[in-house]
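A.B. asks: Sequence:
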Amino acid sequence: MSGAGLLPLSEAQQRLLALARPTPVVELPLGRCLGHYLARPLTAVRGQPAADLAAMDGYAIRWVNLPGPWSLAGESAAGRPFEGMLQPGQAARISTGAILPAGADTILVQEDAERDEQTLRLTGEGPPGRGAHIRCAGHDFMPGTALASAGEMIDARLIALSAMAGHGTLPVHRRIRVAIFDTGDELVEPGMALPSPAHLPASNGIMLGAMLAQLPVDAASSAIVPDRLEAVIEALSAHADADVVITTGGASVGDHDLIQPALKRLGGSVDFWRIAMRPGRPVMVARLGKSIAVGLPGNPVSAFVTAQMLVLPLLRTMLGAAVALPQPTLLPAGAPFPAVGHRQDFVRARIIGGAIHPLDNQDSGALHTLRRADALAIRPPHAAAATTGDPIACLLLS
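Quick note: the sequence shown, position 3, residue 2 per numbering that gives the first Met the number 0, numbers continuous.
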């Protein structure tokens, strides 16, 4: 522990991810795989191209028959190949992507040829060599080629590659069931009239739902839960089938912090709480039946940062990601950064001219500053003040 009983973030991440178990593997059609992670390595069922193809429009010929002329014997089009063998002195009209006729070994591009009924003559420089303008079989990949590793995220490019390699489905981990709810008597549903200045719109749950939408997650958001123990118990019980339960607010040990008492009443066990990070100290992680419960701070910026550093890595691990934790990048400081205390600091910042600049208002409730930030500058505990030009680890937000 560090900083009067606070858990270092790296240890908190390690302990949280140790609780995670990948969800069962299912086969999904390619059109439903976007955002999932491969559960097994991907290999090619077929080669691409499966045969020699024309790379340009023109005429298939034998190299030895240059400079021609040739008699036209037919056509090879994409999906409708030339039948038979191209004989000496013959040429076949060919389209880009069409199979090269047997007997041909070169493409004469149409700009270098002139056709007179059934006779073809060379009018330009001709092909630069035997095999010109041909995509050879297996040029992209051969049957059995390793295309992607387990744990890689499936994006549009991998979906296209999988289809071309002969796959109609992919093995992935099933979607994660997540329950999200905000707690607090002061909260009001977004867009509703606020009864008094003591109330404020509930922004955390809807923010977390938007963050989780980037992953294959089925997120159920409950109504705002008031600061009453029985109400919190009821909300937790209603989502007993969730893989992960995320709460915001009420995870500490104050008089109105009821998440931990409710978990204990339901037989849950707290694994850890309070992390040496700023913003985001009052984070709690617990087990409740088959669910992992993560209690995030009520301040919206704290909830955002802790979700980035803890919740998203947890979900990626359960989805089988090879790399679950955020991967910072180094940028030069464009302005001084102050020295850091015993907690790891996540400073909202902007990238200007390739350098990272801290924003002024770093209050944990300042959503406007968070919206203006395009990166979080990560400052380790006890770091000395950074001057302009010093390398700063940054987590890009867009």
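No wet-lab data here; the hints were simulated from the structure. Glycine included, each C-beta is placed from N, C-alpha and C at the ideal position. Hints should not be assumed to be uniformly reliable.
Claimed, not checked - Each computed EDC-like pair below joins lysine to aspartate or glutamate, with the alpha-carbon atoms no more than 16 Å apart:
hint	residue 1	residue 2
1	Lys289	Asp270
2	Lys289	Glu229
3	Lys263	Glu233
What the hints assert, rightly or not - For each label pair, taking beta carbons as the anchor points, the in silico distance ranges come out as:
hint	residue 1	residue 2	range
4	Gly167	Pro379	22 to 28 Å
5	Pro40	Gly190	55 to 61 Å
6	Asn360	Glu188	36 to 42 Å
7	Val44	His341	32 to 38 Å
8	Pro189	Asp154	45 to 51 Å
9	Leu193	His341	55 to 61 Å
10	Pro390	Gly190	29 to 35 Å
11	Ala222	Thr386	48 to 54 Å
12	Pro325	Leu358	17 to 23 Å
13	Arg370	Pro28	35 to 41 Å
14	Arg31	Ala338	45 to 51 Å
15	Gly364	Ser236	17 to 23 Å
16	Ala49	Leu324	48 to 54 Å
A.B. asks: In ascending order, which of the hints set out earlier in this document are inconsistent with the structure?
C.D. replies: 2, 4, 5, 6, 7, 8, 9, 10, 15 and 16
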